[in-house]
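Q: Note that the UniProt record's numbering has the sequence shown beginning at 1, numbered continuously upward.
To be clear, the hints were calculated from the coordinates, so they are not data collected in a lab. A quick note: this is a predicted structure, and the numbers were derived from the prediction, not measured. Heads up, the beta-carbon is just placed ideally off N, CA and C, and yes, glycines get one too. Do not take every clue at face value.
Stated by the list, open to error - Computed Cβ-Cβ distance ranges for the label pairs, DEER-style: (1) W39 <-> T2: 30 to 38 angstroms; (2) W39 <-> G17: 30 to 38 angstroms; (3) M1 <-> V35: 31 to 39 angstroms; (4) K5 <-> V36: 56 to 64 angstroms; (5) F26 <-> K5: 43 to 51 angstroms; (6) V36 <-> F12: 48 to 56 angstroms; (7) T2 <-> G40: 55 to 63 angstroms; (8) F7 <-> F38: 28 to 36 angstroms; (9) G40 <-> R10: 43 to 51 angstroms.
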Amino acid sequence: MTRLKSFITRYFKVYIGLVLLIWLAFFLSSLFLGVVRFWG
1 MTRLKSFITR YFKVYIGLVL LIWLAFFLSS LFLGVVRFWG
């Protein structure tokens, strides 16, 4: 049971990290497009 719980918490941390990474990439790409559109 404890092994399952640690596995779930580890997987949850990885999932949160991936979501944050994707959100950050989306935010940076949209910001970059906005800057290019502003300067272009």
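Q: Confirm or reject each hint.
A: Hints versus structure:
1. W39 <-> T2: 30 to 38 angstroms: This hint is violated: roughly 55 angstroms between Cβ atoms.
2. W39 <-> G17: 30 to 38 angstroms: 33 angstroms, holds
3. M1 <-> V35: 31 to 39 angstroms: At 51 angstroms between Cβs, range violated.
4. K5 <-> V36: 56 to 64 angstroms: 47 angstroms, violated
5. F26 <-> K5: 43 to 51 angstroms: 32 angstroms, violated
6. V36 <-> F12: 48 to 56 angstroms: 36 angstroms, violated
7. T2 <-> G40: 55 to 63 angstroms: With Cβ atoms ~56 angstroms apart, the hint holds.
8. F7 <-> F38: 28 to 36 angstroms: For F7 and F38 the Cβ distance comes to about 46 angstroms; the hint is violated.
9. G40 <-> R10: 43 to 51 angstroms: 44 angstroms, holds
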